[in-house]
Structures are given as C-alpha cells and as structure tokens.
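Participant: Chains as they are written, first to last, in the working numbering: chain R, 1 to 133; chain B, 1 to 149.
Take the hints with a grain of salt, since some may be wrong.
Not the full set, but computed from the structure, chain R residues with beta-carbon under 8 Å of chain B [as the list claims (entries may be wrong)]:
(1) LYS27
(2) TYR28
(3) GLY33
(4) ASP42
(5) THR46
(6) ALA48
(7) GLY57
(8) TRP59
(9) GLU78
(10) TYR80
(11) GLU81
Far from chain R, some chain B residues (derived; all Cβ distances over 10 Å) [stated by the list, open to error]:
(12) ASN8
(13) GLY11
(14) ILE13
(15) ASP31
(16) ILE65
Quick caveat, the hints were computed from the structure, so don't treat them as lab data. On a predicted model such as this, the values are computed, not experimentally measured, just so you know. Note that beta-carbon positions come from the ideal geometry of N, C-alpha and C, so glycine has one too.
Listed below are the residues making up each chain.
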Amino acid sequence: MKTLAGLHKDEQLAVTLAPVSRMDLIKYSGASGDFNPIHTVDVEATKAGLPGIIAHGMWTMGNLAKLFTPYYEEGFIEDYEIRFAGMVFIDDVITLQATVAEEEIEGVYFHVIATNQKDKTVIQGKVKFRKYA
Amino acid sequence: MYENFVGNVSGKIKNTVERGLVKRFAESIGDAHPIFIDEEFGKLSRFGNNIAPPTFPRIFDSGSIEGLKLPEKGLIHGEQKYHYTRPLLVGEEIYCWIEVKDYYEKKGSNGLMGFLAVKRYGEDADGNIVFTEEAVTIITEAVRKAMNV
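Could you build all of it, start to finish, from the sequences and the hints given here?
Facilitator: As structure tokens, then:
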C-alpha cells in the first residue's frame, strides 16, 4: 500500500459503498445514539415532508473518514470539516473521495466529497492529515 | 430566540471511550479496521492501544445548557467540524462540555432560517484538549413557529 505522504497533488483515495440499506441506518442509530426516526421509520420521514427515510449526515461523514484509517501509523486526522449538501436515501450508491489539495512537511491537505449515483454532492469539505514527526 | 444563550457553557461530564461502543460504532460506519477493534493489533501499534474513529465523539455526553431547548424534530444538520490534537484511545477517560458559540438568522428559500453553532470540547484526565467538535444546526421557520419561539 502506498503511503499517504507518497501521494501528490490531485492524486486520490476513493471507494464506492454498497447501496445504502435500512439496516445500515438502524445500526448507526444504535451505535451513535441518534434515534431521530426520520432515519429509520418511513411514516416519520413522510410526516417530515421527506420522500423517504434519509441517512444521518454523520453516517456519511463517518464513512468518509475510513479513506484515511489504513494510514494510522503515518499520522492522524487533525482537522475534518464537512458541509452537508444533499440527502442520502435508501438504495443510493455513495462514492467517497479524497483528493490531495496541498502537501506540506507537517501534513497533507485533502478536498473530500461524497456523491450519489447521479453524481450529486451529498457532503463535502476538507481534511488535514497530520503526519507524525 | 437563542441569542441569549451565546457564550453559555455546560458542566463537564466524564465519558469513557468504551471498547464495545468503539467496535459497534466502527462497524456501523463500515470501518471495522483492527486498529479500532482488535486488542492485540492495538497493542502492537504505535499507540500501544486501540483508537476510536474521528467522528466517535458523537456519542459522548457533554451535559446540557440550562434552559436551552431544541425542537425534537425538523432540525437540519448544516456543518460539522472536528479538530484533534491526537487520536482518542480506547479505555481512556474524556471530559466533555459544550458552549453555545453563535446564533443568527438568514433569509432562505424556506423563510427565515435560524443557525445555531455549538462547540464541544473533550479533554483527557491531564486536562489536555484532545478534540473539539463544532456543529451548525439549522432550525427552519416552520419548526420555530411550531415551538412558539
């Protein structure tokens, strides 16, 4: 596996997830303690004016961080900043990407984004991966 | 409505980075890496321990701001920002509290939207800040009307 420090500007880490399932969101509700029913119960989502249940924004943000997990010996996520831009529905196919924006001695800056199968942005932001000295 | 709470701070609450919760959380975000969940693997790592995923502080109890009530439904999560000085270690104690940083209103397509910015702090047993977490929650006009605030 390539090291993160070996990545250059515009190079990318990326993964496409399996289609989002209700069970994914039930598990995240339990693990995070966020039991807002618009994420798990159809009728509550409908009452809230949504076309169906939606993923927790933090589920998508949590997933995206895994692009960096394999590099834990090299450094850690010092800054992770996300704007929630669109909703994620059941059966959506989400692609997570991190692109090197800038390299510095102390760390690597990434633009991060998650898009759905229609190439619509659902979350986007930045990561600063801090390298251990 | 929420302007009066800006600057208010909760009390500190002790949390433990519990092994079982870290495992369940890592699995729920599809990130069951052994650095989070395999005890032996953690021991052999540079930390000598397992660590927690960066969005794990979501589950910490940070106390509450006296008098501050948010609607149970209809909130929109707008932004989320973490800053770490090091990864969280499994088993350690983290003291958390929150501070209301800002509240403002903006005209949007759904009327006057309220933006509430809350910052959460987490420090270790030695009093060193390990992480901060800033969240912006959007409260729509419809929801505020329903709450009568």
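Participant: Any hints this thing doesn't respect? Which numbers, in order?
Facilitator: 4, 5, 15
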